[in-house]
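Just so we're aligned, residue 2 is where the sequence shown starts under this note's numbering, counting upward by one.
Hints were generated in silico from the structure; no laboratory data involved. Be a bit skeptical, because a hint or two may be false.
What the hints assert, rightly or not - Heads up, simulated DSSO-like pairs for lysine-lysine below, C-alpha to C-alpha not over 30 Å straight-line: (1) Lys323 x Lys147; (2) Lys273 x Lys14; (3) Lys170 x Lys323; (4) Lys303 x Lys265; (5) Lys13 x Lys76; (6) Lys170 x Lys186.
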Amino acid sequence: MERIRQAACRDKKLRFTTLWHHVYNIDHLREAYFSLNRNAAPGVDGETWRHYGERLEENLQDLSDRLKRGAYRAKPVKRAYIPKPDGRQRPLGVTTLEDKIVQKATAEVLNAIYETDFQGFSYGFRPGRSPHDALNALYSGIMTRKVSWVLDADIRGYFNAICHQWLEKFIEHRIADRRVIRHIKKWLKAGVLEDGATTYDGEGVPQGGSISPVLANVYLHYVFDLWVERWRLRRAVGDVIVVRFCDDFVVGFQYQHDAESFLKALIKRFYKFNLEMHEGKTRLIEFGRFAAHNRKRQGKGKPETFDFLGFTHICGQTRNGKFIVQRHTVAKRMRAKLLELKRELRRGLHWPVLAVGKWLRVVFLGHYRYFGVPGNDRKIRAFEYHVGRLWY
């Protein structure tokens with residue numbers, strides 16, 4: 002993997018012709034198996050992580066042989082739904098265990114290549130990068146650059162809108178090994194099983210697959226990242242900052258005319274590649290160190306806020322009157338979490354008090370690690386208070 006990474010870094014136009022032997026390598030498949038979630042739901046074949054591991058070496062040898070001679074067949078993805086904070090349901094694709102193993106191994110190979118190509122402002126589903134890195138980059142950009150307008154954008158049904166033909170063309174910019182391309186096509190065209198019926202579509206990448214995040218990032222790398230970098234250098238008059246986490250991104254501008262021009266150009270760009278902006282979640286707002294003063298002078302009230310990665314970003318002031326970006330937990334996300342905890346506590350009415358306390362400790366630690374950023378103390382204390390009332 003390191004040699005692949007070095008070769009990709011040396012030559013940005015190099016096309017890799019022999020990669021598939023890295024995927025069907027048994028050691029690589031074994032690493033992929035142990036990196037999977039052991040408690041994940043089984044796919045359409047009903048195979049679980051533990052049952053597969055009872056004869057692990059035999060199963061991996063058989064899988065490697067089938068990958069080597071081209072006898073491997075991708076199975077349909079089982080559709081499942083999880084609730085979202087706004088009350089809707091997010092569709093997820095549950096792949097079979099062997100598909101997860103092979104996809105994981107393939108994703109490692111693709112990451113070795115594309116991690117040298119991806120832009121620095123891309124943070125979603127990349128090794129060594131987290132949502133906090135994206136939040137810190139956004140905070141630093143607004144605080145240190147001349148940002149007066151913010152485009153808070155979201156792509157409508159992104160994973161379901163990815164065009165397979167365009168995605169294959171993008172991958173072929175770097176991958177010339179036809180076996181890798183062939184297997185990616187197999188996963189894309191495997192179909193979705195829902196209510197006993199299998200459907201096939203020429204668009205979309207199922208959320209939940211091991212390789213889906215890599216493919217989603219590759220698609221937006223060519224559709225958005227490279228394009229916005231050229232637009233920022235050639236057409237922008239003032240400062241422009243960009244932070245993207247998968248299909249959620251925020252763009253900051255110094256001038257309003259730059260922001261409006263960018264939004265019009267972006268809509269046209271996305272239309273060309275079968276993507277559409279989510280009207281209800283895409284807004285151009287006045288935000289930054291001068292926003293409060295400008296809006297007060299125009300009689301418009303306080304600057305608007307925007308949500309990004311679970312935090313509401315607010316134009317605030319320190320005790321000394323200096324501008325600062327305040328980040329608070331998104332209210333609807335907290336309400337959804339509390340509702341979920343209420344249901345869990347009702348189910349566990351028969352649990353021993355000590356067991357409930359240990360479980361809540363894990364809940365609190367996870368909440369603190371993500372939402373425990375400077376300035377969010379009030380929301381943290383509110384979460385503690387409401388959970389304490391539910392437990393009581």
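Hints, one by one, checked against the model:
no., hint, in the structure
1, Lys323 x Lys147, "15 Å, holds"
2, Lys273 x Lys14, "24 Å, holds"
3, Lys170 x Lys323, "49 Å, violated"
4, Lys303 x Lys265, "26 Å, holds"
5, Lys13 x Lys76, "34 Å, violated"
6, Lys170 x Lys186, "12 Å, holds"
Violated hints for the displayed structure, listed by number in ascending order: 3, 5.
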